[in-house]
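2 protein chains.
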Amino acid sequence: MDTTQQPVEPQLPYDVFAKACPSRGTLEHVTGRWGALTLGALYEGSLRFNELRRRVDGVSEKMLSQTLQSLERDGLVHREAQPTNPPRVDYELTPLGHEVAERLLGLIHFVEGRMDDVLAARERYDVTRGAR
Amino acid sequence: MDTTQQPVEPQLPYDVFAKACPSRGTLEHVTGRWGALTLGALYEGSLRFNELRRRVDGVSEKMLSQTLQSLERDGLVHREAQPTNPPRVDYELTPLGHEVAERLLGLIHFVEGRMDDVLAARERYDVTRGAR
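As you go down the protein sequences, you meet chains D and C in turn.
Anchor point for the first sequence: position 84 equals 84 in full-length UniProt numbering, and the numbering is continuous, going up by one each time.
Anchor point for the second sequence: position 106 equals 106 in full-length UniProt numbering, and the numbering is continuous, going up by one each time.
Hint data in this document are derived by calculation from the structure and do not stem from the laboratory.
Hints may be right or wrong, so weigh each one.
[To be verified] Derived SDA-like pairs (lysine to any residue); straight-line CA-CA distance at most 25 Å:
{"hint": "1", "chain 1": "D", "residue 1": "Lys19", "chain 2": "C", "residue 2": "Asp117"}
{"hint": "2", "chain 1": "C", "residue 1": "Lys62", "chain 2": "D", "residue 2": "Gly58"}
{"hint": "3", "chain 1": "C", "residue 1": "Lys19", "chain 2": "D", "residue 2": "Gly45"}
{"hint": "4", "chain 1": "D", "residue 1": "Lys62", "chain 2": "D", "residue 2": "Gly25"}
{"hint": "5", "chain 1": "D", "residue 1": "Lys19", "chain 2": "C", "residue 2": "Tyr43"}
[Said to hold, decoys possible] Computed footprint of chain C on chain D; a stretch qualifies when at least three of its residues, placed anywhere within it, have a C-beta under 8 Å from a C-beta of chain C:
{"hint": "6", "segment": "20 to 30"}
{"hint": "7", "segment": "35 to 49"}
{"hint": "8", "segment": "61 to 67"}
By construction, the Cβ of each residue, glycine as well, lies at the ideal position given by its N, Cα and C atoms.
Bound conformation, chain D alone:
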C-alpha cells in the first residue's frame, strides 16, 4: 500500500489531518458551532427556518442561512420549498445527514453527560494556574 502523504490523489483515502483534503472542510461544516446544532436540531424531524432559529438558541438569521446552505451543498440537509403563497420552506436531514447527526448527537450527549467532570477540571486548572 502506498503510504505517502498525498491525500488528494483519487486512489488514496480522504484524510482530515491533511490540510488540502476536502474532508476537512466538510468536517468543519458538520462540527462548527452552528452546523453541529443545526444537524442536531433536525435529527428529530423537519423544521421551518424560524422553528430552527428558535431551537438553535443564539444563532443569527444570516448565520443560520449560511449554515443551511453549506449543509445542503454537502448533501446533508434537504430544502423543500412548498408552492404556497407565501412560500413555505422546510428543512430536513438527508439519509447521509441523518447518519452524520446520529454520530454527532452521540458526541453531544456524551459531553453533556460529563459536564460535571469538565467543570471540576476547569476549577482545578484555574486554582493550579493561580498558585503558579
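Let chain D serve as the given structure and place chain C on it in line with the hints.
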C-alpha cells in the same frame, strides 16, 4: 420533573442548544477545527508539541498552544513536563479525553468514508444553482 429552560441550574441536565449552557463551550473546544484534530491525533498515544504540530497539518504554533490549553482546562488533555534540560513536554489524553476522542473519530472516519457522496452532492448543488 421541572422542564423550564434554565440549564445552568444544578438539578437540570446540561443542554448545548441553550446558549448560556457551559456544555456549548466545551462542545466547541472539542469540535472546533483544531480541537477535533488535536484530540484525534492524541488518540494514538502521547505526543510532544512539535510532533502534534506536524500531525495537525496547517495549525500555527499559537493556535495549537491555545487549543491544548482549552483542552487541558476542560480535563481532556494532560500536559506532562519532564524535569530535563531543556524541559520536554508531552501531551496525552485523559480517560475522559479518550472517550471524547473515540466518539469524535467515529464521526471523522464516517465523514472521510462518505466524501465521494459529499463531493457528488456539491457538484449537483452547484449545477442546479448555476441553472437557476
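> the segment 61 to 67 of chain D covered by chain C? Criterion: 3 or more residues, Cβ-Cβ distance below 8 Å.
Replying inline: It is violated: at least three residues are needed, and the segment 61 to 67 of chain D offers just 0 whose Cβ sits closer than 8 Å to chain C.
> Are the Cα positions of lysine 19/D and aspartate 117/C separated by 25 Å at most?
Replying inline: holds, 20 Å
> Can the restraint linking lysine 62/D and glycine 25/D be considered satisfied, given a maximum Cα separation of 25 Å?
Replying inline: Since the Cα atoms of lysine 62/D and glycine 25/D sit roughly 20 Å apart, the hinted pair holds (cutoff 25 Å).
> Regarding the pair lysine 62/C and glycine 58/D, is the alpha-carbon distance no greater than 25 Å?
Replying inline: Not satisfied, since the Cα-Cα distance of roughly 28 Å exceeds 25 Å.
>> For lysine 19/C and glycine 45/D, compute the direct alpha-carbon distance and say whether it is at most 25 Å.
In response: Roughly 21 Å separates the two Cα atoms, so the pair holds.
> Are lysine 19/D and tyrosine 43/C close enough, with their CA atoms no more than 25 Å apart?
Replying inline: Distance of about 19 Å is within 25 Å: holds.
> Holds or violated: the segment 20 to 30 of chain D covered by chain C, criterion of 3 or more residues with Cβ-Cβ distance under 8 Å?
Replying inline: Since 7 is at least three, the answer is holds.
> Counting residues of the segment 35 to 49 of chain D that have a beta-carbon nearer than 8 Å to any beta-carbon of chain C, does the count reach 3?
Replying inline: holds (count 4)
Comparing the model with each earlier hint shows violations of hints 2 and 8; every other hint is respected.
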